[in-house]
Amino acid sequence: MQSIRNNVGVFLSFSSPTFIWLILFFIVPLGIVWLYSFGENVSLTEIETTWTLDNYRRMLEPEILKLMGRSVWLAFASTIICLLVGFPMALVIATASPNAKPWLLLLIMLPFWTNLLIRTYALLNILGTRGRLNDLLRWLYEQADALINTIGLGNLGLLGDGFTPLKMLGTPAGVIYGIVYVSLPFAILPIYSSLERMDKSLLEASMDLGGSQWQTAKNVLIPLAMPGVITAAIITFIPALGQFLTPDLLGRGQVDMIANVIERQFKRANDWPFGSAISLTLLYATFMLLAIRSFNDAARAKRASKR
Amino acid sequence: MPLFQKNNTAGPFDYSRKWLLRMVFIVGTVFLYAPIVVLIIFSFNDSKRGGNIIWKGFTTKYYTKAFGNEELMLAFGNSLTIAVASTVISVLLGALTAIVLWRFRFPFKPVYEGLVSLPIVIPEICMGVSLAMFFSQMGWMQTGDSHWPFNLTNIIIAHITFSFPFAAMVIRTRLQSFNREMEEAAKDLGASEFRVFKDILLPHMKPGLVAGALLAFTLSLDDFVITFFTSGPNTVTFPVKIYSMVRFSVTPEINAASTVLIIMTLVLTFIALRYQRVDSTS
Numbered sequence: 016m017q018s019i020r021n022n023v024g025v026f027l028s029f030s031s032p033t034f035i036w037l038i039l040f041f042i043v044p045l046g047i048v049w050l051y052s053f054g055e056n057v058s059l060t061e062i063e064t065t066w067t068l069d070n071y072r073r074m075l076e077p078e079i080l081k082l083m084g085r086s087v088w089l090a091f092a093s094t095i096i097c098l099l100v101g102f103p104m105a106l107v108i109a110t111a112s113p114n115a116k117p118w119l120l121l122l123i124m125l126p127f128w129t130n131l132l133i134r135t136y137a138l139l140n141i142l143g144t145r146g147r148l149n150d151l152l153r154w155l156y157e158q159a160d161a162l163i164n165t166i167g168l169g170n171l172g173l174l175g176d177g178f179t180p181l182k183m184l185g186t187p188a189g190v191i192y193g194i195v196y197v198s199l200p201f202a203i204l205p206i207y208s209s210l211e212r213m214d215k216s217l218l219e220a221s222m223d224l225g226g227s228q229w230q231t232a233k234n235v236l237i238p239l240a241m242p243g244v245i246t247a248a249i250i251t252f253i254p255a256l257g258q259f260l261t262p263d264l265l266g267r268g269q270v271d272m273i274a275n276v277i278e279r280q281f282k283r284a285n286d287w288p289f290g291s292a293i294s295l296t297l298l299y300a301t302f303m304l305l306a307i308r309s310f311n312d313a314a315r316a317k318r319a320s321k322r
Numbered sequence: 008m009p010l011f012q013k014n015n016t017a018g019p020f021d022y023s024r025k026w027l028l029r030m031v032f033i034v035g036t037v038f039l040y041a042p043i044v045v046l047i048i049f050s051f052n053d054s055k056r057g058g059n060i061i062w063k064g065f066t067t068k069y070y071t072k073a074f075g076n077e078e079l080m081l082a083f084g085n086s087l088t089i090a091v092a093s094t095v096i097s098v099l100l101g102a103l104t105a106i107v108l109w110r111f112r113f114p115f116k117p118v119y120e121g122l123v124s125l126p127i128v129i130p131e132i133c134m135g136v137s138l139a140m141f142f143s144q145m146g147w148m149q150t151g152d153s154h155w156p157f158n159l160t161n162i163i164i165a166h167i168t169f170s171f172p173f174a175a176m177v178i179r180t181r182l183q184s185f186n187r188e189m190e191e192a193a194k195d196l197g198a199s200e201f202r203v204f205k206d207i208l209l210p211h212m213k214p215g216l217v218a219g220a221l222l223a224f225t226l227s228l229d230d231f232v233i234t235f236f237t238s239g240p241n242t243v244t245f246p247v248k249i250y251s252m253v254r255f256s257v258t259p260e261i262n263a264a265s266t267v268l269i270i271m272t273l274v275l276t277f278i279a280l281r282y283q284r285v286d287s288t289s
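Line order of the protein sequences matches chains A and U. Okay, so the first sequence: first residue is 16 according to my numbering, each after it adds one. Okay, so the second sequence: first residue is 8 according to my numbering, each after it adds one.
Just so you know, these hints were derived from the structure itself, not from any lab. Treat the hints with care, as some may be off.
Mimicking EDC-like on lysine to aspartate or glutamate, the simulated pairs with C-alpha atoms at most 20 Å apart in a straight line are [claimed, not checked]:
id, chain 1, residue 1, chain 2, residue 2
1, A, Lys116, A, Asp271
2, A, Lys81, A, Asp214
3, A, Lys116, A, Glu55
4, U, Lys194, U, Asp206
5, U, Lys25, A, Glu219
6, U, Lys25, A, Glu211
7, U, Lys63, A, Asp150
8, A, Lys233, U, Asp53
9, U, Lys63, U, Glu78
10, U, Lys63, U, Asp53
11, A, Lys233, A, Glu211
12, A, Lys182, A, Glu157
13, A, Lys116, U, Asp206
14, U, Lys68, U, Asp53
15, A, Lys233, A, Asp214
16, U, Lys213, U, Asp195
17, U, Lys63, U, Glu77
18, A, Lys215, U, Glu188
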């Protein structure tokens, strides 16, 4: 690492292209969003920044609040499912043999490289009322039904009158399924890397001191993996909250989330100021989550240095 | 290894050998792959429009149809052009950023670093909206009427903005393994600053540059949301075209086109992995 004092020229020529690019195509556009969020439509095509707070006030309308609440709970539910499924999967990869490890990681990462739109589109075939998921459930139902009949409990009607297909498209369940599907790899990787770094002798110490498998997992393994779990939760939750495609294609307009409302302001309703205000709110929420994460990291670093 | 074997041979912490955890892993993997496999299978489905749910026999006619679809092929060409252009500039900007962050100590460095990583973390819909407003404010939204490939400028700029920070990250990781003594030795032997850069630093960076380029390329091909907002009505990329086809009606043709893209991405990923393997053995 060198100080810039002796070669200001080199430093400037290397750092300014990026700096100028980011100012021009990142900061200025966000600045325009910020200005427009205090603006109003004065004519069909013109927007004037009048420093009105109406756009922000409109977000307190029950309709919008309900939508934001729904976005938060769908993102939250998807994140929890991702963590519950992702933790055991990460644990398997982290403790696999050194030869198998890169392949297992690749197995998890490959779908992640596939186009997001294509992956979401692929779910349409799976989740439909006559789709593959319902085929599977029907098959399971028939097997269970046959089993019950063979053991002679057929006339008790334990399974109801017949198989009713699960309705997933256009329901919150379908949207959650979609978000979990696209974000599971995001959740697995940070948990994996924290498990990978873990000192295995701590687990052995717990067992030597008489802890059971379960106690060791609960009191040693999971607390030690916690930083990874928190990172996983945050990097799953942020994109989930801003999901556009999943609610759009799988929710069929019945289960809109924040991004769908933003899109509508720009593409159909032509209400850019309101769209800007919602976008910024989403952005502030993101920053808050990131701040929580860095506080969490800083606190952990402090504790580690005291040890 | 049988599923119910006692863990005598394995230690108590070989979680990967516990059958319950293995089951979760297998079910999770099936969950990730089944939709893609089904999508590929149904690209060969001989069914009429909208009947993409029920299998009606094998055919390859939808591949012929997809390749014969002029608009789709135009969109595909646009996507590739955008990906190539944005990759070249992203790698350039990414390399510069990586060198600056790796080499120099300067005031406000954390601010610079944070600024560079911002495009990675902000929700893509926010970025799409902000760029769309920026382009229309600048009066650039009409570029859709100008000649190819200049009508793609907006989209290329947008793609560079979200992909160069990723490239910078990859290249910076590579730089961290650079041995500074090599540089000092070259300087002691009379090499100029530029020679050191060209003959020593650049060759060392090469695998990072390739990995960064492949990442930028896939990110560009993959993007839908930001492109959806920044593209004019006449500039359509592959994902945007697929999206409008899906909204119109679900046909095996979409599956065929998607399969082609999936295979392309797979090939690119494997090239990237091979490069990294060469990189780690050398």
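Fill in: Numbers of unmet hints, in rising order
Violated hints: 1, 2, 3, 8, 9, 13, 16, 17, 18; rest satisfied.
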